[in-house]
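Number of protein chains: 4
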Amino acid sequence: ANVPATQKVAIVASEGSGVHIKDHPVKLPSQLAPGECLIKLHCTGVCHTDLHAATGDWPVKPMTPLIGGHEGVGDIVAIGEGTINSPVQVGQRVGVKWIAYSCLNCEQCRKGYEQTCANVKLSGYTVDGTFQQYLVSYTNCVTPIPDNLESAAAASILCAGVTVYRALKYSETGAGDWVVLPGAGGGLGHLAVQYAKYMGRRVIAIDGGEEKRKLCLALGADHWIDYTTTKDIVGEIKKVTNGGAHAAVVTTASPSGYTQAIDYLRQNGHLMAVGLPSTATLDASIFFTVFKSITIHGSYVGNRQDAVEAIEIAASGAVKCHYQTKKLKDIEQVYDDMAKGKIAGRIVLDVNDV
Amino acid sequence: ANVPATQKVAIVASEGSGVHIKDHPVKLPSQLAPGECLIKLHCTGVCHTDLHAATGDWPVKPMTPLIGGHEGVGDIVAIGEGTINSPVQVGQRVGVKWIAYSCLNCEQCRKGYEQTCANVKLSGYTVDGTFQQYLVSYTNCVTPIPDNLESAAAASILCAGVTVYRALKYSETGAGDWVVLPGAGGGLGHLAVQYAKYMGRRVIAIDGGEEKRKLCLALGADHWIDYTTTKDIVGEIKKVTNGGAHAAVVTTASPSGYTQAIDYLRQNGHLMAVGLPSTATLDASIFFTVFKSITIHGSYVGNRQDAVEAIEIAASGAVKCHYQTKKLKDIEQVYDDMAKGKIAGRIVLDVNDV
Amino acid sequence: ANVPATQKVAIVASEGSGVHIKDHPVKLPSQLAPGECLIKLHCTGVCHTDLHAATGDWPVKPMTPLIGGHEGVGDIVAIGEGTINSPVQVGQRVGVKWIAYSCLNCEQCRKGYEQTCANVKLSGYTVDGTFQQYLVSYTNCVTPIPDNLESAAAASILCAGVTVYRALKYSETGAGDWVVLPGAGGGLGHLAVQYAKYMGRRVIAIDGGEEKRKLCLALGADHWIDYTTTKDIVGEIKKVTNGGAHAAVVTTASPSGYTQAIDYLRQNGHLMAVGLPSTATLDASIFFTVFKSITIHGSYVGNRQDAVEAIEIAASGAVKCHYQTKKLKDIEQVYDDMAKGKIAGRIVLDVNDV
Amino acid sequence: ANVPATQKVAIVASEGSGVHIKDHPVKLPSQLAPGECLIKLHCTGVCHTDLHAATGDWPVKPMTPLIGGHEGVGDIVAIGEGTINSPVQVGQRVGVKWIAYSCLNCEQCRKGYEQTCANVKLSGYTVDGTFQQYLVSYTNCVTPIPDNLESAAAASILCAGVTVYRALKYSETGAGDWVVLPGAGGGLGHLAVQYAKYMGRRVIAIDGGEEKRKLCLALGADHWIDYTTTKDIVGEIKKVTNGGAHAAVVTTASPSGYTQAIDYLRQNGHLMAVGLPSTATLDASIFFTVFKSITIHGSYVGNRQDAVEAIEIAASGAVKCHYQTKKLKDIEQVYDDMAKGKIAGRIVLDVNDV
Ligand SMILES: [Zn+2]
Ligand SMILES: [Zn+2]
Ligand SMILES: [Zn+2]
Ligand SMILES: [Zn+2]
Ligand SMILES: [Zn+2]
Ligand SMILES: [Zn+2]
Ligand SMILES: [Zn+2]
Ligand SMILES: [Zn+2]
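Residue numbers (this note's numbering), protein chains in the order written: chain D, 12 to 365; chain C, 12 to 365; chain B, 12 to 365; chain L, 12 to 365.
Don't take every hint at face value.
Where chains are identical, the list cannot tell them apart; a pair therefore holds if satisfied intra-copy or between any two copies.
Stated by the list, open to error - DSSO-like mimics (lysine-lysine), calculated; alpha carbons at most 27 Å apart, straight line:
1) Lys122 <-> Lys132
2) Lys250 <-> Lys122
3) Lys51 <-> Lys33
4) Lys180 <-> Lys249
I should point out that these hints are in silico values taken from the structure, not numbers from a laboratory.
Based on the sequences and whatever the hints tell you, model everything.
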């Protein structure tokens, strides 16, 4: 492979110092350890998690200096010497997700819980991520991308898509059951609407404004609730669902999203918590959680199989990410906009147009 | 059946008025509706829930005047005319539990969630309970008591036993997994230790004092933690279990029991919430619930099958309730002691010695 | 209710005597036991099971004389005096399915397995069925029919629909998984294709002939295999599914359908056996069942909740039964045609046009 | 490590040629590939599977020449250069089981089904096994042996123990449920009795003769049936269990064991098929499998986590293998005896006393 010695990356020098484009060395193919691969990236999504990584406001701290990013797609250009039985090959197009590496040997891994591996490595958090042109990743954990799915379309499936897909998959609902999706018009939400419909669930989309209403209904939502104009959201959900929803996938950072779900869920309903707010607590009534027999699942991104399935469903055409394409050098602006809540949908950065 | 016109009952005249022994009419066999049965009670347990019923401090209010109690055992002396296909017969010894009646026809019932039936009746809360000598109950929902289990030994199995049995049964743990039982020496806890051991779980018993230590270890607990002397409970659990417990059954009313469990549970651990505090909220970190992939299950007493199983295991001799016998007329004193936290273990009242 | 003293029924006088239209008394409303209801039927499906009932070739024998039929829809015109808490009311339109009555109290019922109730009554087999104008059924077990689903469209959902819906629901497959449906163009099969697609499964439809090919593809099947022209069915399934299907729903009476499924299923695949042949045995290799870790599920019609769900999905318009309407008096001809394998799709009889 | 150039092995030169002790080269530490380890064995169990391997009578053929054996325990003396993140270290005592290697990357592996890995290697079948003194195995797939479990006691847990443990674990039974164990006094059976009791199941042990009766009851079986003297085994099981057993773990090679289980299982019961007969078919009534809603699970040895759990339970003292110790050079005689059905319990060979 014809690999350059240096590349452009977006790097956070130290906690709170902001993100900046810099020249940065590329790890040479000969330096790759067994099990490592070098990926020439095409593009990368930007996720709210990247903002947490840049500001360091989570209770588990990122490394610094840090190259963020965990929704990248590119081609494998080299595989470390001594790698055995690699499931991917040089030349293959693959995706890199939040879970960069799981050991596959600890108790969590043996049980399929790769996200909570005792030896996990997190892209753009504990190892360098996808905000660069040449990324080192791990042959065992990258996700093959089918030919009929474009790189930019695949990027956000690798994090936002996998996250909502897994939450729905483990929501203990069946075909025909009602699922509530707060923030249904957003980055995670609009993917959740599509996965939920693909699985045969009935969807109540909650979000604000005419544009989001149109989007959600176009994606197949069975019922729309505008939180900016609806006075009794709980009451409306109970009416539409004839007694309460079977599940909710809550991606919000604010505790109120969780509290409210306890109220609008049907007895024996399932609250899928997927957001990772820095400090918020659940704040849900213990009495009603027990009395209504509610289950609250912490659902954390997804494992390799979840990623394969989420990508395959997207490749079939059933789920399409709505995204805007920008350039890697735009990342400072993207972070600013994201911090101010000005981003609608997902952003995908072309890493080669710096 | 030779049924008297009046009986002694313990009744709460109005919210907060306290409990008093009174004469009270007995519903005559000829007045029973189809599906109802009249039970001549032998004894009844007293449960913390009865105190909530008497003080009316739960967000869902009891009826008044109220005859409390929901852990009774007695003989069926009459079955309402027109009752079809009764699974129990006159002369049979049966138990009455918190769920006095489920319709068996609503969606919750069809799915086996009888506790959250749309038409549920709660013993000693929305219908008169077991603090009387002649109780009206429902043929479909009483629990047959096997010959080899004494009435007084069965009483608390019907509520405390069923509750912890179901919580363990649905804790998604397997044989050899570690289960933490805060309050292991108490009324629910000492039953939980025994059910957990019967199921092949490894048990960490948490409670305070030498007497409770001896009890828990005698019942088979694998490890004892005295919360009054242990500085780092979370640390000790993690050390003993090699990384955290697989599940915890939390019966406490205080939010701290739930918060602490999130910390000492292993990744993908299960918190079984069975307590029904009046106002407390979960107060658990959303970040760590998601990041550790914890599941929090509201587990609410049990259904008919749970009761049958819990009773059968007790009848086999594998689980024994530790209780003190008192008389129905002692109930005011029992409530006083309970309110002051002075009751150790379960109390069973002989309803015929008034 | 204005109920006539006699009605027309299709009756089998004794085993093997054939089915004949006769005058037959109607059970008067005043004669109904508590829990019974009288239904004025509109129509009834005819099912292969009815032929087994008429010929008496199953190892479990039907009663005689027998009025068959177990896919009926009509209006409740009376409910037995003394019925308590009926979930349905006089005037309501309901369906009657194979499981006419479950006690809701035995161990099987308490676990939700109403089909294997110790006290089960089977429509048109152990109690009189839907080949009549006025049917006695049970308030607890009839299935409410939503307004937006026509009676004739609902009829076959109550047996064929419920059966394949439950088999798919319990097939332990997920969205995107491959399900093979032998006989996909037939009465059960064409409903299975639609339910499977509604649930997000990928479907391989197997059947014979151009007409069935068109039907299956129009219903959404992802791949078609014509068994009359395909030499290597197992090989083709393995190729299309990249290694074998995740599940198969086998409705056939011949052992070869089961044997073949063991071969074309992926490792850890699920064979849903729903057919009830009189004498055939599974005949599957024990070696490969174990070595491939195949699970074979006996899946027997469905319970009340399965019926509610299957009907709701049909009422939403997602699943449509293809049927021909005939008259009750045509039943002898229908049986003849069925015995000769000349029936395509489902037959629904208008019971009022005799 | 001080590794000799040659060792003694028991080898089958070609299909049907019988097993013979030979000198055989040891793979040198410097020749180990990344991910391989060299184990100096202490002992190895002999399993019926080894006899199938030696005679080549299974539909999937072993390699030849073949060194059999798949229940070995020894110390790691070397790990291949370039091995990354090995979960085990040189000097550690480990066990080798039937599944010598799974790729951990294919769909089956990602779902935890390591036994059906697309790239699986089988000890003593497709790669050389434990009938030698120095074995090459794989760091990812060996099972650590706790200090408090002797090597000879661990050996048969690695195959017979894991197999019955997994079958019980996935039998969809709960505490208090009845499990039937045909062959309960045999090599697999006596371990199954102990695991089942540890899990809180009630056990019906079936076998023949006074010695086996004593063994089974001493191990905790709740009921004993002598098949040599009991006329109506099905009837007796139904009587003892009040309607049929919840599950059976069938290890036999003869089809009749499976057929009979369909009869004595309760409705919705589970038949765990773990035997691997060469040619037998299930031969079970399709009608009754469906009508009784029986599930038949092909359960094939176990994965790494099953092995860790089975070994941990044995190390706790709850499960003890009954075995006879012999020498590697006795293997021809052991095979002869096994072929004639003359072996009671498990045989463990000391590989260093040749
Ligand atoms: Zn992300
Ligand atoms: Zn790991
Ligand atoms: Zn209670
Ligand atoms: Zn109900
Ligand atoms: Zn029943
Ligand atoms: Zn039918
Ligand atoms: Zn073996
Ligand atoms: Zn594999």
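Each hint, compared with the structure:
1. Lys122 <-> Lys132: both (18 Å within a copy, 21 Å between copies)
2. Lys250 <-> Lys122: This pair counts as between: shortest inter-copy Cα distance 21 Å, intra-copy 40 Å.
3. Lys51 <-> Lys33: within (17 Å within a copy, 53 Å between copies)
4. Lys180 <-> Lys249: For Lys180 and Lys249, the Cα distance is within 27 Å both inside one copy (23 Å) and across copies (25 Å).
Of the hints listed earlier, there is not a single one the structure fails to meet.
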